[in-house]
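**Q** Dock chain B with the ligands against the given chain A, drawing on the hints supplied.
Those protein sequences? They're chains A and B, same order as listed.
With numbering that gives the first Met the number 0, letter number 157 in the first sequence gets 156, and the count goes up by one each step, no holes.
With numbering that gives the first Met the number 0, letter number 88 in the second sequence gets 87, and the count goes up by one each step, no holes.
Because the hints were derived from the structure by calculation, they are not lab data.
Each hint should be verified, as a subset may be incorrect.
As the list claims (entries may be wrong) - Computed list of lysine-lysine pairs in DSS-like fashion (alpha-carbon distance at most 27 Å, straight line):
(1) A:Lys275 - B:Lys32
(2) B:Lys120 - A:Lys386
(3) B:Lys32 - A:Lys386
(4) A:Lys95 - B:Lys32
(5) A:Lys369 - B:Lys5
(6) A:Lys16 - A:Lys53
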Amino acid sequence: MIYLDNAGTTKMDEDVKKAMLKYFDEEYGNASSLHSLGQRAKEQLEIARTQIAKAINAQPNEIYFTSGGSESDNQAILSIAHMGKLKNKRHIITTKIEHHAVLHTLEKLEKDGFDVTYLDVMPNGIVDVKALKKAIKKDTVLVCVMFANNEIGTIQPIAEIGELCKQKGITFFTDAVQAVGHLPIDVKALNIDMLSMSAHKFHGPKGVGALFVKRGTPIFSLIEGGAQENNKRAGTENLAGIVGMATALTKAVKEMDKVNKKLVKLRDKLIKALLKVPHSALNGDAVNRLANNVNLCFEGIEGESLLLMLDDEGICASSGSACTSGSLDPSHVLLAIGRPHEVAHGSLRLTMSKYTTEEDVNKVIKVVPKIVEYLRKMSPVWDELEKGERKHVL
Amino acid sequence: MFYSEKVMDHFRNPRNVGEIPDADGVGEVGNAKCGDIMRMYIKVKDNKIDDVKFMTFGCGSAIATSSIATELIKGKPIDEAVKLSNQAVVEALDGLPAHKIHCSVLAEEAVKAAVEDYYKKHPKTKTKNK
Ligand SMILES: Cc1ncc(COP(=O)(O)O)c(C=O)c1O
Ligand SMILES: [Zn+2]
Numbered sequence: 000m001i002y003l004d005n006a007g008t009t010k011m012d013e014d015v016k017k018a019m020l021k022y023f024d025e026e027y028g029n030a031s032s033l034h035s036l037g038q039r040a041k042e043q044l045e046i047a048r049t050q051i052a053k054a055i056n057a058q059p060n061e062i063y064f065t066s067g068g069s070e071s072d073n074q075a076i077l078s079i080a081h082m083g084k085l086k087n088k089r090h091i092i093t094t095k096i097e098h099h100a101v102l103h104t105l106e107k108l109e110k111d112g113f114d115v116t117y118l119d120v121m122p123n124g125i126v127d128v129k130a131l132k133k134a135i136k137k138d139t140v141l142v143c144v145m146f147a148n149n150e151i152g153t154i155q156p157i158a159e160i161g162e163l164c165k166q167k168g169i170t171f172f173t174d175a176v177q178a179v180g181h182l183p184i185d186v187k188a189l190n191i192d193m194l195s196m197s198a199h200k201f202h203g204p205k206g207v208g209a210l211f212v213k214r215g216t217p218i219f220s221l222i223e224g225g226a227q228e229n230n231k232r233a234g235t236e237n238l239a240g241i242v243g244m245a246t247a248l249t250k251a252v253k254e255m256d257k258v259n260k261k262l263v264k265l266r267d268k269l270i271k272a273l274l275k276v277p278h279s280a281l282n283g284d285a286v287n288r289l290a291n292n293v294n295l296c297f298e299g300i301e302g303e304s305l306l307l308m309l310d311d312e313g314i315c316a317s318s319g320s321a322c323t324s325g326s327l328d329p330s331h332v333l334l335a336i337g338r339p340h341e342v343a344h345g346s347l348r349l350t351m352s353k354y355t356t357e358e359d360v361n362k363v364i365k366v367v368p369k370i371v372e373y374l375r376k377m378s379p380v381w382d383e384l385e386k387g388e389r390k391h392v393l
Numbered sequence: 000m001f002y003s004e005k006v007m008d009h010f011r012n013p014r015n016v017g018e019i020p021d022a023d024g025v026g027e028v029g030n031a032k033c034g035d036i037m038r039m040y041i042k043v044k045d046n047k048i049d050d051v052k053f054m055t056f057g058c059g060s061a062i063a064t065s066s067i068a069t070e071l072i073k074g075k076p077i078d079e080a081v082k083l084s085n086q087a088v089v090e091a092l093d094g095l096p097a098h099k100i101h102c103s104v105l106a107e108e109a110v111k112a113a114v115e116d117y118y119k120k121h122p123k124t125k126t127k128n129k
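Isolated chain B, as found in the complex:
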């Protein structure tokens, strides 16, 4: 198989799909032109990712990487979640085909964009954090 069992599991049963209407931060990355778009919603409580949801337009690995990224950051302190790397995403999925690595980069970027949006909307929290 082209994709690992883990990728197919997250593709077939994506975790945390949907939107959070009153999200504290929303990040959207990628563009429809190149074929993958991810939108990540986060809800923050006590400086932790209390809830996270995603919507993705893209290939199997785009959907699987979004799904696993939400699992990897859920419940984590923000400053830890924001450090999520694409390598960590790829590893958690038991690898991705070489030409699909760019999809995992999007997952990393989506989390960062959502956190950035949260800080922009809640500037005080950021200073408190530092």
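The shape of chain A in the complex, shown without the other chains:
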């Protein structure tokens, strides 16, 4: 099997699994218990917190463990919204390419009287900081821009946005689920106030994540109960998962340069080869993008059938077509970068990992053009394009 859906989730690293096992077998204590088993759990919990803080240049008491990226996104946004309500500041700025964990939370706030500006992105999938600056109002309480996009891999100008928000005194939250463990991150240097991460995107376990909250930034609890996480997130800590996340992140940071160097080469090889397919295009900036991300559109075909045929070849990939999402609309990200609906349906996302080999890439390069050609042969849309009854856009 060739697994190229690493933006969806990753395979757990063997070292991570080994590090976790102990917490199922011997060290199963509750970190809130007074006995020594519990106290050892507490100690491990704090070691993991310190490791994670170190990976992004934060302080341990600025890290809150959660159940993953979605919860972290919800908590960050709702915390600032709560503060905004108290201060009577109800304007939030975000982008049209955020993850649904962010967009749906903001939509809920709109129903609650918040005013949300959804910034367009440039055709290369990157936010225009000038437009962001212009969108700032007197009552802007939060700027929420993702670090790197999960579909097209574009890396946003986080340093500039952080600097701008600092000057204006606006809280800056970034969904860094696709960036943590993949890009160097220094929350201090980048002036980030809040940042979300999720372990399963960097070879850690699923169902565990963290929220970084800069000291002094208010944080509001979504889950009430015990006093865990400094009263900001009740519930017995998922210690095995947390240790897994810390182990995975420490390793990912250590390996980052080496892995990225390899992946950039494979990425650019894939892009170059697949763009030879006539009437295809790369989605997102060619340079400012995650080392593991390839996302293309092929005119005249639909993504789900492409994925099913790739699956038959043992290749796991993903697409932004409507038929893979269950709604009638294709990916909001592809629409935001200006792809027409019919083109957005024909997208293919290939996301690699440190386990991806040159052999894998060569197989994809061999298989994808053949499948595209086969599907085009039976496509009435392609037929119209070829006959000139419909205009090519790619």
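**A** For chain B with the ligands alone, coordinates are given in the frame of chain A:
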């Protein structure tokens, strides 16, 4: 698996793919905006569907439903073929996931559109039929 064996069989080995250059009726339904388009060609002889071919832009279930629809109407009298329902298509495929039912509706519509086109081009046959 998300799709039944039957769906995957028709997706992997679609029956009657292609075009009929001198078709007696052609129907195209759906739109590229929502992601599925079907084009159905029919050849009519003695008021029967003598031949049928399709071209589809769409997901796995769009391709499978087009394929099975052509099998279900091939050789059938026109007035019977035109009654093909999306339920019959879904049943013949051993079911479809709920959010894919709309693709089977397209198959039903494609057959109807092709027959309508045939009647439009051959108005006399329609009156004779009635
Ligand atoms: C950018 C981004 N944000 C948030 C999430 C949600 O993370 P999780 O699956 O851990 O809830 C994802 C994962 O799909 C993501 O890619
Ligand atoms: Zn469909």
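**Q** If a hint holds in the structure, say so; if it doesn't, say that too.
**A** Here is what the structure says about each hint:
1. A:Lys275 - B:Lys32: holds, 25 Å
2. B:Lys120 - A:Lys386: holds, 23 Å
3. B:Lys32 - A:Lys386: OK: Lys32 of chain B and Lys386 of chain A at ~20 Å, within 27 Å.
4. A:Lys95 - B:Lys32: At roughly 19 Å apart (the allowed maximum being 27 Å), Lys32 of chain B and Lys95 of chain A satisfy the hint.
5. A:Lys369 - B:Lys5: holds, 24 Å
6. A:Lys16 - A:Lys53: Roughly 21 Å between the alpha carbons, so the hint for Lys16 of chain A and Lys53 of chain A holds.
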